[in-house]
Amino acid sequence: MGIAVEAVIALVKIAVVLGVVSLVVAYLTYLERKIIAHIQQRLGPMRVGWHGLLQPIADGAKLFLKEDIIPDKADKVVFVIAPIMVLVPAFVVYSVLPFSSTFYITQVNIGIFFILAVSSLGVFGIVMAGWASNSKYSLLGALRSAAQMLSYEIFLGFSIIGPLMLAGSLNMQKIVEAQSDVWFVFYQPLAFVVFFIAALAETNRVPFDLPEAETELVAGFHTEYSGMKFAFFFLAEYASIMVVSTVAVTLFFGGWQGIGWIPLPGFVWYVLKLGAMIFVFIWIRATLPRYRYDQLMRLGWKFMFPLVMANIFLTGLVKFLFL
Amino acid sequence: MAEILGAFFRDYQSINSYVPIFIFTLVAFGFAGVTLVVALLVRPHRPDPAKLSPYECGIPPLMEAHERFSIRFYLLGILFLLFDVEAVFLFPWAVRYDYLGLFGFIEMMLFIAILLVGYFYAWRKEALEWA
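If you're matching them up, the sequences are chains A and B in order.
Using the working numbering, read the first sequence as starting at 1 and increasing by one per residue.
Using the working numbering, read the second sequence as starting at 324 and increasing by one per residue.
Please keep in mind that the hints were generated in silico from the structure rather than gathered at the bench.
Take these hints with a grain of salt, some might be off.
[To be verified] Chain A stretches covered by chain B per the calculated footprint, using a threshold of three residues with CB under 8 Å from any CB of chain B:
#1 48-56
#2 60-67
#3 147-158
#4 255-261
[Said to hold, decoys possible] Cross-link-like lysine-lysine pairs, in silico, BS3-like; alpha carbons within 30 Å at most:
#5 B:448 x A:76
#6 A:62 x A:73
#7 A:73 x B:374
#8 A:62 x A:76
#9 A:302 x B:448
#10 A:13 x A:76
#11 A:76 x A:66
#12 A:174 x A:76
#13 A:66 x B:448
#14 A:66 x A:174
#15 B:448 x A:62
#16 A:302 x A:319
A quick note: this is a predicted structure, and the numbers were derived from the prediction, not measured.
Quick reminder that beta carbons are idealized off the backbone N, C-alpha and C, glycines included.
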């Protein structure tokens, strides 16, 4: 196959993934509002369309037509670049995710490493946004966000070492294939717990949504943003939730592999597992209160760090002795 | 020169798999750019001084926001750099664990022990405190 043909195929896949991700992200906000509403015994969005089904479209149109304010004292160039710097890495990560055994954009032999590297680029955009806004809330929110994401990135990175030792590869497809018999969550429960907590903190979700703690910081680093630039931050945040959920499903729950004899295509399995994962994210948001910042740092550095180190040691020992 | 070219073509397959990522990056930038430009064309633009001032709970903003901030953030940045570099070292080790055997296990445990000495030093020096 010529390189031109491959490029066209890649382009078509990219268009499909980008379109589907944008749409799913929009409906993720709907799903979140609906689920939280029902947990709190409310109805949630009901007016636009049947049971509010067109609400995300209306929200999107509203954001699109909203006036886009760039504050007077802001650093204007950086202010415009920042949301793009957040959105692009959040999307690019999708290029190595395994959606099924045959559907993926590309597979690289450093797959999971690439995901960690690129998704952490989003921090730059957040710091840029906070600094360029020239607003105190933005700056504080950006600093908090950066400190939190950097800290928990370490634990995220260390926690996936265990599953990688079992899989013996960084390639996302090979990691999935290594789980054809037993999911890694049964071998690595400790790693999964740490990974999940770190994933919540990485995506700035409750109970770690301190960067956007509205009672103290208004909206954190995107206080001064409006219109489409605000929408970019929103898109990036929800796109990252899907990415960490996919990584969790891939590393710990066998990715697109089915359960037992039930004959469903791999992609359906992937979507089901992803949906369950995202539901847990939303469920936690409806359930838990927010951490305090010093508690967040203590939990990370003084509790999770020793935990992941112990996990690496135990995995190494057990694997060396018994396998 | 011939050797370099030969190596390039041998590795061609593995280079090839990065091309879609490059295309995706361009498409993502394009998506962001086009969206911003289209929004620029359709949205209203009616600035006034109150709208353009930074948000400060309704009062006129005092001073610039580009102020000094807590030293803890710098400290955390340095800690992150240290521990993340260690993490990079762990990845290839984890992938090749089966081949390295006992040597790999002891080697990495020594490495982690040294890392932990630094970790407990930071703990004792209260670099991990946040108050």
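A quick look at each hint next to the structure:
1. 48-56: violated (count 0)
2. 60-67: holds (count 4)
3. 147-158: holds (count 7)
4. 255-261: violated (count 0)
5. B:448 x A:76: 41 Å, violated
6. A:62 x A:73: 26 Å, holds
7. A:73 x B:374: Cα-Cα ~12 Å, so holds.
8. A:62 x A:76: 23 Å, holds
9. A:302 x B:448: The hint holds at about 13 Å.
10. A:13 x A:76: 35 Å, violated
11. A:76 x A:66: 19 Å, holds
12. A:174 x A:76: Status violated; Cα separation ~45 Å.
13. A:66 x B:448: Distance ~50 Å between residue 66 (chain A) and residue 448 (chain B) Cα, so the pair is violated.
14. A:66 x A:174: 45 Å, violated
15. B:448 x A:62: 51 Å, violated
16. A:302 x A:319: 26 Å, holds
Checked against the numbered hints given earlier, the structure breaks hints 1, 4, 5, 10, 12, 13, 14 and 15 and satisfies all the rest.
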